[in-house]
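Put chain B on the given structure of chain A with help from the hints.
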Amino acid sequence: RKEVEQDPGPFNVPEGATVAFNCTYSNSASQSFFWYRQDCRKEPKLLMSVYSSGNEDGRFTAQLNRASQYISLLIRDSKLSDSATYLCVVNADTGRRALTFGSGTRLQVQP
Amino acid sequence: DAGVIQSPRHEVTEMGQEVTLRCKPISGHDYLFWYRQTMMRGLELLIYFNNNVPIDDSGMPEDRFSAKMPNASFSTLKIQPSEPRDSAVYFCASSSGQGAYEQYFGPGTRLTVT
Chain A
1 RKEVEQDPGP FNVPEGATVA FNCTYSNSAS QSFFWYRQDC RKEPKLLMSV YSSGNEDGRF
61 TAQLNRASQY ISLLIRDSKL SDSATYLCVV NADTGRRALT FGSGTRLQVQ P
Chain B
1001 DAGVIQSPRH EVTEMGQEVT LRCKPISGHD YLFWYRQTMM RGLELLIYFN NNVPIDDSGM
1061 PEDRFSAKMP NASFSTLKIQ PSEPRDSAVY FCASSSGQGA YEQYFGPGTR LTVT
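Protein sequence lines, in the order shown, are assigned to chains A and B. Oh and the first sequence: position 7 is 7 in the working numbering, straight run, nothing missing. Oh and the second sequence: position 34 is 1034 in the working numbering, straight run, nothing missing.
Next comes chain A alone, as it looks inside the complex:
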């Protein structure tokens, strides 16, 4: 089983739609969780951290469910500029600083 698993997509949605991605992680001791965004042929960029209580940043909402070991990202009112690959990222080993990256979910927002 992979440490971090994501549906690769692609998710094709129209502008203005709401879309949600889920991700599961295998290590129940994981403490830190993030969503990164990666545009084609660019570096991954931090989108937001994910906190236990859930958190929101504008049109983006992240949720963490420790009992089920999954993380979600909700994007409301999708924009064309949201088209990218979204990477679910976990600090799977608290004894190390390393992050484990999921393989990403590709989102294509269409006009």
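There's no promise every hint is true.
[What the hints assert, rightly or not] List of simulated lysine-lysine pairs, BS3-like, C-alpha gap at most 25 Å:
| id | chain 1 | residue 1 | chain 2 | residue 2 |
| --- | --- | --- | --- | --- |
| 1 | A | 45 | A | 2 |
| 2 | A | 45 | A | 79 |
| 3 | B | 1024 | A | 45 |
| 4 | A | 42 | B | 1024 |
| 5 | B | 1068 | B | 1024 |
| 6 | B | 1068 | B | 1078 |
| 7 | A | 79 | B | 1068 |
| 8 | B | 1078 | B | 1024 |
| 9 | A | 42 | A | 79 |
[To be verified] Short derived list, chain B residues pointing at chain A, Cβ under 8 Å:
| id | residue |
| --- | --- |
| 10 | 1056 |
| 11 | 1091 |
| 12 | 1095 |
| 13 | 1106 |
| 14 | 1108 |
FYI, nobody ran anything at the bench for these hints, they're computed from the structure. From a predicted model like this one, the values you see are computed outputs, not experimental measurements. Ideal Cβ positions, reconstructed from N, Cα and C, are used throughout, including at glycine.
Okay, now just chain B, sitting in the frame of chain A:
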């Protein structure tokens, strides 16, 4: 503020040649990470440093790969000799280390070995 800086941005070399990739982390960051990304394997951690000391190199594929961090503002990843299967995008990332695990990535070096 300057982000993570990497050079070169693109490198094309022939099999058997030595390749050196360079990275300057964000000033004040204590952690530096080297990753490799391919379509088949995704983003893989190769090695990371804390305060210039290598902490975990378990992701380095083989002895042909080596990394150094002679000071807080510079790191290199060297491949000698290079092989076509080393073709990938190599990213450098840094992290502040003050209780925060977020990493900030450089623009990457796209390596092609022919």
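Would the hint on residue 1108(B) stand, with a C-beta cut-off of 8 Å toward chain A?
holds (5 Å)
Given residue 1056(B) was flagged as interface, is its beta-carbon under 8 Å from a beta-carbon of chain A?
holds (6 Å)
Run the distance test for residue 45(A) versus residue 79(A): straight-line Cα separation, threshold 25 Å.
holds (18 Å)
Quick check on the hint: residue 1091(B) CB to chain A CB, less than 8 Å?
It holds, given that the least Cβ distance between residue 1091(B) and chain A is near 6 Å, below 8 Å.
Are the Cα atoms of residue 42(A) and residue 79(A) separated by 25 Å or less?
Between residue 42(A) and residue 79(A) the Cα gap is close to 19 Å, so the pair holds against 25 Å.
Interface restraint verdict for residue 1106(B) against chain A (beta-carbon cut-off 8 Å):
holds (6 Å)
Assess, step by step, whether the Cα of residue 1078(B) is no farther than 25 Å from the Cα of residue 1024(B), and give holds or violated.
Holds, at roughly 15 Å.
Measure nothing beyond the straight line between the CA atoms of residue 1068(B) and residue 1024(B); if it is 25 Å or shorter, mark the hint as holding.
holds (12 Å)
Check the hint pairing residue 1024(B) with residue 45(A) against an upper bound of 25 Å on the C-alpha distance.
Given pair residue 1024(B), residue 45(A) holds - Cα atoms ~17 Å apart, limit 25 Å.
Using 8 Å as the Cβ threshold, decide whether residue 1095(B) counts as touching chain A.
Since chain A brings a Cβ to about 7 Å from residue 1095(B), closer than 8 Å, the hint holds.
Does residue 1068(B) sit within 25 Å of residue 79(A), going by the straight-line distance between their CA atoms?
Violated - the C-alpha atoms of residue 1068(B) and residue 79(A) are around 42 Å apart, more than 25 Å.
Could you grab the alpha-carbon distance between residue 1068(B) and residue 1078(B) and see if it respects the 25 Å cut-off?
holds (9 Å)
In summary, the structure is inconsistent with hint 7 from the numbered list given earlier, while agreeing with all the others.
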